Amino acid sequence: MKEQEDSALVALAVDGDQRAFRELVERHQARAFRTALSILKHEDQARDVAQDAFVKIYTKLPEFRGQAAFTTWLHRIVSNLCIDRIRKTKRHGEVEYDDARSHGPQTAASGSTLASVYLDGPGRALERSELREQMGRALESLSDSHREVLVMREVDGLSYEELAEALEVAKGTVMSRLFHARKKFMNAMSGYLHAR
Amino acid sequence: MNCEQIQEHIGAYRDGELDTSTRASVEAELASCETCQAAYRELEALEALVERAVLEPAASVELTGFTDEVMARIAVETSVKSPAPERSHESLFDRLAAMLGLDARSLVMAGALAAAAIAWGVWPAAQVTSPTPEDVVRAAEGPSKSPANPSDKVAPRPRRGMELETASAGRNAASVQQVEVAHGRVVIDDNADDPDRPVVVWHIVGEEVDPKADVSP
Chain H
1 MKEQEDSALV
11 ALAVDGDQRA
21 FRELVERHQA
31 RAFRTALSIL
41 KHEDQARDVA
51 QDAFVKIYTK
61 LPEFRGQAAF
71 TTWLHRIVSN
81 LCIDRIRKTK
91 RHGEVEYDDA
101 RSHGPQTAAS
111 GSTLASVYLD
121 GPGRALERSE
131 LREQMGRALE
141 SLSDSHREVL
151 VMREVDGLSY
161 EELAEALEVA
171 KGTVMSRLFH
181 ARKKFMNAMS
191 GYLHAR
Chain W
197 MNCEQIQEHI
207 GAYRDGELDT
217 STRASVEAEL
227 ASCETCQAAY
237 RELEALEALV
247 ERAVLEPAAS
257 VELTGFTDEV
267 MARIAVETSV
277 KSPAPERSHE
287 SLFDRLAAML
297 GLDARSLVMA
307 GALAAAAIAW
317 GVWPAAQVTS
327 PTPEDVVRAA
337 EGPSKSPANP
347 SDKVAPRPRR
357 GMELETASAG
367 RNAASVQQVE
377 VAHGRVVIDD
387 NADDPDRPVV
397 VWHIVGEEVD
407 PKADVSP
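Chains H and W, in that order, are what the protein sequence lines are.
If you number the first sequence the way the numbering used here does, the last residue is 196 and the count never jumps.
If you number the second sequence the way the numbering used here does, the last residue is 413 and the count never jumps.
Hints were generated in silico from the structure; no laboratory data involved.
All values reported here derive from a predicted model rather than from experimental measurement.
Hints may contain errors.
[Claimed, not checked] A partial selection of chain W residues facing chain H, derived with a Cβ cut-off under 8 angstroms: (1) Glu-204; (2) Ala-224; (3) Leu-242; (4) Leu-259; (5) Thr-263; (6) Glu-265.
[What the hints assert, rightly or not] One-sided excerpt, in silico: chain H residues whose CB lies under 10 angstroms from chain W: (7) Asp-52; (8) Phe-64; (9) Val-169; (10) Lys-183; (11) Phe-185.
C-beta: ideal position from N, C-alpha, C; glycine also.
The following block holds chain H by itself, in its conformation from the complex:
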């Protein structure tokens, strides 16, 4: 099983085997990059943060006790570094905060659903980076557990069983978390999408 291989590589890397750590980087760099790209606006930022994550993981290898899957650990570190970066740029005023976000619940029964706005309306003309910026803010507004399950499902494509194993929860919990995470995320995006 691949997961056992990851844990074996981690054990070797803890003992100082840099080739084992290199293999971990090779194996998971695309995943780390995608996760970062789901939260950050620019691809070069995502690459930087993904690299930051692996460097951080290397320094913290001795602390990894294997309670969670390596992929879960990696995802959490990438995600937290991305959120830190967003908050840092907000503090420095480099990004203007868009107050068009909806703060109220967006019911699926409303006349103009998000799907119709985005798929059929002017949403198709959105710049990707601008869209990612808004997605990053929407993700930032979620709790850690909601953000984690949403990105691991939507970006990494993990099955519910894989998510349950990675997060060490029951499949029913995965389903419930995903439901709430998706709802909150789309609520956070609704103001932006409707404004386009």
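Once you've looked at the hints, dock chain W against the given chain H.
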């Protein structure tokens, strides 16, 4: 299940994660309930957002050099904590060590010169000459300038975390150590134990190098 309960299962239905009987219940509700149909379309929109914003661009990006850059940064991080041992032969290391007395910017520029000289294959073995201001400017300006030897690779402009990897022609017997300065680090690894591997230079700067800056010590 009522409509609200069905909506909570629509995501799992779309993800193909429901058992047979629950799936049948959701399908039946979807066939007749506009609210549930709208909720299903919301999930389609979410998937489209992720596909457009993340998955499509991520698939088109090549992470060339990603692993080497990570390992180079780790080498610096670990070397800072445990300084490298002294080497027996001199040349570049002694020169760089002597330059420690300079300010951070000058040493960073000196590191850029070393990186460029190695990349351009013009660094003479075991010989170190003082960089001229023109040399440093050329190093800082990067690929817009022609290398001294047209057959050598042009060194790209140094930026955070980037590696400059030379062709084998650039290798020499210079022995160097890690040099740490206030705003940046230069790591030059001669890879003496692996002659097939080109010299790797990793250079980060805390600020942009000003090619017009006065570099005289």
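Hints versus structure:
About 5 angstroms separates the beta-carbon of W/Glu-204 from the nearest beta-carbon of chain H, less than 8 angstroms, and the hint is met. Annotation: W/Ala-224 was flagged as interfacial toward chain H, and the flag is violated, the nearest CB pair being 18 angstroms apart, outside 8 angstroms. Hint on W/Leu-242 holds. Least Cβ distance to chain H is approximately 6 angstroms, under the 8 angstroms limit. Because the closest C-beta pair between W/Leu-259 and chain H is about 5 angstroms apart, less than 8 angstroms, the hint holds.
The interface hint given for W/Thr-263 holds, since its Cβ lies 5 angstroms from the closest Cβ of chain H, which is under the 8 angstroms cut-off. A cut of 8 angstroms between beta carbons decides the hint on W/Glu-265: the least distance to chain H is about 6 angstroms, and the hint holds. With 10 angstroms as the threshold, the beta carbon of H/Asp-52 comes within range of chain W, its nearest partner Cβ sitting at about 9 angstroms, so the hint holds. The interface hint given for H/Phe-64 is violated, since its Cβ lies 16 angstroms from the closest Cβ of chain W, which is over the 10 angstroms cut-off.
With 10 angstroms as the threshold, the beta carbon of H/Val-169 stays out of range of chain W, its nearest partner Cβ sitting at about 14 angstroms, so the hint is violated. The beta carbon of H/Lys-183 is positioned within 10 angstroms of a beta carbon in chain W (closest approach about 8 angstroms), and the interface hint is therefore held. Contact between H/Phe-185 and chain W, as hinted, is supported at the beta carbon level, the nearest pair being about 7 angstroms apart and thus within 10 angstroms.
Checked against the numbered hints given earlier, the structure breaks hints 2, 8 and 9 and satisfies all the rest.
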